[in-house]
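> Given next are the chains, with one letter for each unit.
Protein chains: 2
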Amino acid sequence: MNDTRVALMTDAALIDPALIEALKTLVEPGKVLTDSASLDTYGKDWTKHYAPAPSAIVFPKTVEEVQAIVRWANQHRVALVPSGGRTGLSAAAVAAHGEVVVAFDYMNRILDFNATDRSVVCQPGVITEQLQNFAEENGLYYPVDFASAGSSQIGGNIGTNAGGIKVIRYGMTRNWVVGLKVVTGEGELLELNKDLAKNATGYDLRHLFIGAEGTLGFVVEATMRLERQPTNLTAMVLGTPDFESIMPVLHAFQSKMDLTAFEFFADNALGKILERGDIPAPFETRCAFYALLEFEAITEQRADEALATFEHCVEQGWVIDGVMSQSETQLRNLWRLREDLSETIAPFTPYKNDISVTVSKVPAFLAELEGIVSANYPDFEVLWYGHIGDGNLHLNILKPANLSKDEFFGKCATVNKWVFETVQKYNGSISAEHGVGMTKRDYLTYSRSPAEIAYMRAIKAAFDPNGIMNPGKIFA
Amino acid sequence: MNDTRVALMTDAALIDPALIEALKTLVEPGKVLTDSASLDTYGKDWTKHYAPAPSAIVFPKTVEEVQAIVRWANQHRVALVPSGGRTGLSAAAVAAHGEVVVAFDYMNRILDFNATDRSVVCQPGVITEQLQNFAEENGLYYPVDFASAGSSQIGGNIGTNAGGIKVIRYGMTRNWVVGLKVVTGEGELLELNKDLAKNATGYDLRHLFIGAEGTLGFVVEATMRLERQPTNLTAMVLGTPDFESIMPVLHAFQSKMDLTAFEFFADNALGKILERGDIPAPFETRCAFYALLEFEAITEQRADEALATFEHCVEQGWVIDGVMSQSETQLRNLWRLREDLSETIAPFTPYKNDISVTVSKVPAFLAELEGIVSANYPDFEVLWYGHIGDGNLHLNILKPANLSKDEFFGKCATVNKWVFETVQKYNGSISAEHGVGMTKRDYLTYSRSPAEIAYMRAIKAAFDPNGIMNPGKIFA
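Heads up: the sequence lines are chains F and E, in that order. The opening position of the first sequence corresponds to residue -5 in the numbering used here, with each subsequent residue numbered one higher. The opening position of the second sequence corresponds to residue -5 in the numbering used here, with each subsequent residue numbered one higher.
Since the hints were made in silico from the structure, they are not lab data. One or more hints might be untrue.
Repeated chains share a single entry, so a pair holds when one copy, or any two copies, can fit it.
As the list claims (entries may be wrong) - List of simulated lysine to any residue pairs, SDA-like, C-alpha gap at most 25 Å:
#1 LYS419 with PHE374
#2 LYS160 with TYR135
#3 LYS355 with GLU130
#4 LYS393 with GLY365
#5 LYS250 with THR110
Full structure from sequences and hints, please.
Next comes the structure, spelled out in structure tokens:
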């Protein structure tokens, strides 16, 4: 369990131009970029806290080229950062210290499809939406979905075990990976699990690489499982008088049917959406909170059950008003109330945090956290929304107009500490679905014990003895 | 990636009686047994190839006692073997070399239940059926089910990532473990994943321990997720003219509905069941193979869809005859055709093997394997059945009456080699759901590459540096 970090060339100034010339010989002509625009673009993800400073961007087109790059990096002790759709929110794909970025944009093909196995073999650079569309064209369904599906890549989804809006029914990305090819930090190609439904032959290394943020190796191919298409997806938005009422609503619906989603947002979040003017209000009554739930209305009877459950919730005082989608357009509009939130509040320069506790602890956790923030920063506007059916909350704090960005994020550093202390108190996770990367690595001990972290480092040392794979991510 | 095996006291004759006396001080009085009946009972599982020869059996009652036992074992380099319900079929829980068996029979309580989270906190010795019944009493469902559910324990289910008859819908045991407490080979207590639905904070060590057969550490507590109860489960048994017809039947039904099971058995297997005289034939026509499928008849419409699909399969020539259960008794009787097979053929001293390939490869794989066996041993009766919807086949060969047990199993050693060579050719798994243990460790390279095995050994070294945790299992 020793720390494996070794002296790496992680400062751009230190990388010998001759090394970059050697790197160029490993890939096709023109597939190493060092111009400043490319360094800036490929050196960062959606986080804005780190200045990108890679030494070069390399675009492999084959598994063998990835292996050659990793061997080259080992030989010269060059740090590598994997780059997918660069939509990450934890700076796991940021190259801020002279690393070489390995971008998978040219490994973006769907290689195979098997209708009987309902499986698709993807290169790591396949866009999430590309896989979703491919599934649909073949009468099937890829159920992992989130706001950045139009640009995020499968390799990145696997590296962060991406979640999103359908986890309550379909689980995380992890559930859909039946086979995985990875190149380890030693340049070894591993073919993990061979696309099998059942395989009890020792440690399941596939699950170790899922969510490892490229710190053990890089995903170079993945076989994803598909599902039957859902039937007549129908959404309801229900207004509740307080946060506490959301949980019994979840419980009432879950005891009657399989939900495909159960999201929530606060009234001030809805306010921001309505100010846009292009998305209709779900109903006239304004409520403290709103639950957005979705289910398959496979029969009329199922839709009737949903309405009866809604009425039951009204009788119990848990719900004040509500609406059920009657068409695909209405379904889409109800979803926009939730899905467009992140984009809508972006101009307010929000502090964002992604945390989780077990579902039953959510009300007390949220109340405690809100109490702390409002007592200390009464001028901060706090917006809550998230995947409440999974215990996953997205905390957003809008920057007051009178504070500079620096002042605001300075105060937010204090908020961070409170958030993570409260997460720890409630035995939760400091990162529900956005990963650790650089933004949360210094807080990892709030969620993982020193012994766990020591074992993680030992595993890292086994797969990446020279510490060249995405160093400085997950671990400080 | 060094091999971590060290000289261990793995011969009963070598264990100093004083050590056993020291062990006794770590647990409650009477909780260390050394009488020959106990050594014989607790030293083995359902495999019959190894003579049990443990030095002692210890029954911890608390997590702290498990930690004390592991520390004692490290100090004195004593090998430990975990023991649950002892229903394993790969000798993963056999103590054949003077090991100390750690039996979890007294850690058999359900510690907590949360209706909102649908979670149950179990000690490792909780019996599978105990959890299933507890779920039912609380209006919920624990969906992992198999023939040995009445005696297998949750800790063992997790250690082997148990599968069974409902995997096509609900997945393996892995899918239902939301939190796991383990004591590592160093005696460290790890609390993994904290029962969270979403937790993206580095490597998911929980998944590493699931299926590790106690070689990294012992499960001392597990939080299992429950599911809503299925509605009106309905089974169909469909007779097919040949094996090839089973796959389009699967495909036809899966495109219409979620199946909760899709099993198969050959006609000679059915013959053995009918000879018992206590289970009725599904219908009069005898067919080459039978598919048993199950679904939730949530509405009459769904049952009608199933019948229409059945008729479609008859029209296509894939199905010759069939029946659908109309009551719980009929459902149970149809299931007995499949579920009672293992017990029914036990008197024939069968050679058994548990293998898998991807679903689409099953017909070619089965045909090739059957061809090899029948060409070489025309007098062997081969019985096929299994979880065909997951690509999981159980191969059974009955001992001819004229062969002694030794002669028969001698010939079967050759069969083993053919089976695994064919598995490798079809990129399958040498153990679909029964684990590796001792029975398959020498064949591991047919399913896992040398690099994978080297990484597995390195992981083992990190968690169990002295090699005291179930040595000789998974790895030779």
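> Are the hints correct? Go through all of them and say.
Going through the hints against the structure:
For the identical chains of this complex, LYS419 and PHE374 are intra-copy neighbours only, at 23 Å inside a copy versus 63 Å across copies, given an alpha-carbon limit of 25 Å. For a Cα distance limit of 25 Å, the shortest separation of LYS160 from TYR135 qualifies both inside one copy, at 12 Å, and across copies, at 21 Å. Proximity of LYS355 to GLU130 under the C-alpha cut-off of 25 Å is restricted to the inter-copy arrangement: shortest distance 24 Å between copies versus 37 Å within a copy. Proximity of LYS393 and GLY365 under a CA criterion of 25 Å is satisfied intra-copy only: 18 Å inside one chain copy versus 72 Å between copies.
For the identical chains of this complex, LYS250 and THR110 are inter-copy neighbours only, at 14 Å across copies versus 31 Å inside a copy, given an alpha-carbon limit of 25 Å.
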